[in-house]
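**Student:** In case it helps, this note's numbering puts the sequence shown at residues 325 to 617.
Take the hints with a grain of salt, since some may be wrong.
[What the hints assert, rightly or not] Just the calculated beta-carbon pair ranges, DEER-fashion: (1) 411 to 529: 36 to 42 Å; (2) 461 to 532: 19 to 25 Å; (3) 484 to 532: 14 to 20 Å; (4) 399 to 369: 20 to 26 Å.
Worth flagging that the hints you see were computed from the coordinates, not collected in a lab.
We treat Cβ as the ideally placed atom computed from N, Cα and C, and that holds for glycine.
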Amino acid sequence: MPRTPVTSAEVERITREGREATMDLVAVEEPLQIILEYGEGHARTETLLAMTMRTPGHDADLVAGFLYAEGVIRGARDLISVRHCARADTPHNVVRAALGQDVVVPSRLLERNLSVTSACGVCGARTVEALSKAGCQHIPPTPGQYRPDAVRVALKSLETSQAWFRHTGGTHGAALFGRRGNLLLHREDVGRHNALDKLIGAWLARPLAPAHDCFVVVSSRASFELVQKTVRAGIPMLVAIGAASSLAIETARRFGVTLVGFARENRFNVYAGGGRIAHEAGERSFFYVGAAE
325 MPRTPVTSAE
335 VERITREGRE
345 ATMDLVAVEE
355 PLQIILEYGE
365 GHARTETLLA
375 MTMRTPGHDA
385 DLVAGFLYAE
395 GVIRGARDLI
405 SVRHCARADT
415 PHNVVRAALG
425 QDVVVPSRLL
435 ERNLSVTSAC
445 GVCGARTVEA
455 LSKAGCQHIP
465 PTPGQYRPDA
475 VRVALKSLET
485 SQAWFRHTGG
495 THGAALFGRR
505 GNLLLHREDV
515 GRHNALDKLI
525 GAWLARPLAP
535 AHDCFVVVSS
545 RASFELVQKT
555 VRAGIPMLVA
565 IGAASSLAIE
575 TARRFGVTLV
585 GFARENRFNV
595 YAGGGRIAHE
605 AGERSFFYVG
615 AAE
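All chains should be modelled from the sequences, with the hints used to inform the complete structure.
**Tutor:** Here is the structure:
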């Protein structure tokens with residue numbers, strides 16, 4: 325099995341002029357088993373926590389971001405190590421995550437067999453109420469924190485940073501930006517949820533800026549799971565190239581996240597938290613939806 329994020333495949337290309345056999349670059353999709361090592365002293369335990377379909381690359385970031393989104397870890401300090409398992413038949417597809425001895429794994433995770441496809445994320449909190457019970461905090465309002473220009477700059481940066489997508493057309497991108505639209509980190513994966521987990525995991529390991537001073541842009545639609553991960557990270561704004569779902573909007577409004585959808589160079593829709601977006605001259609080209617709560 326390939327270990328690179330991109331591989332080649334034989335294809336038959338059909339056009340009006342005829343057919344031809346050729347090679348095409350495609351995004352790699354492989355399973356990743358996440359084994360969790362936790363507990364104190366001689367009571368250390370190993371368990372298979374989840375299996376996800378992902379694009380190889382930045383596996384440690386993916387695992388860290390996944391554990392953070394699930395509420396298993398509160399930060400990088402709770403994670404002793406993330407290593408591929410040399411003893412496994414396919415070591416590049418099995419990862420062991422060792423937690424600190426004082427980290428308590430939520431029983432709800434140990435009781436479930438988590439299977440995560442590249443198209444669908446699995447979150448410990450599946451409803452807005454569950455997020456509140458899991459300790460997720462409302463993000464305080466910060467009027468005028470982001471200028472529309474920052475979103476425009478970020479969209480262009482995301483496009484140029486997606487190297488795997490340029491080769492294959494088959495990956496999603498997630499990128500973290502400073503409030504002025506300066507690119508801090510970016511990650512790609514066949515799954516939009518994995519791309520965001522990788523991004524958050526990378527930020528945990530290397531917090532280039534405080535979460536409250538950043539925003540995230542994703543190349544996909546805005547689903548509940550993506551808003552949930554944004555809330556967990558304490559990031560005030562999520563910008564999506566695609567549409568926003570009803571539950572994503574409800575969750576963003578409940579927790580004070582600014583949610584932007586259908587983001588383009590000259591327009592975007594704001595479904596929640598519009599007060600964070602500063603007004604500027606000539607903004608008639610922008611179309612806003614939703615309240616400024």
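**Student:** Against each hint, give a clear statement of whether it holds in the structure.
**Tutor:** Structure-based check of all given hints:
no.: 1; hint: 411 to 529: 36 to 42 Å; verdict: violated (25 Å)
no.: 2; hint: 461 to 532: 19 to 25 Å; verdict: holds (22 Å)
no.: 3; hint: 484 to 532: 14 to 20 Å; verdict: holds (19 Å)
no.: 4; hint: 399 to 369: 20 to 26 Å; verdict: holds (22 Å)
Of the numbered hints listed earlier, the single one contradicted by the structure is hint 1.
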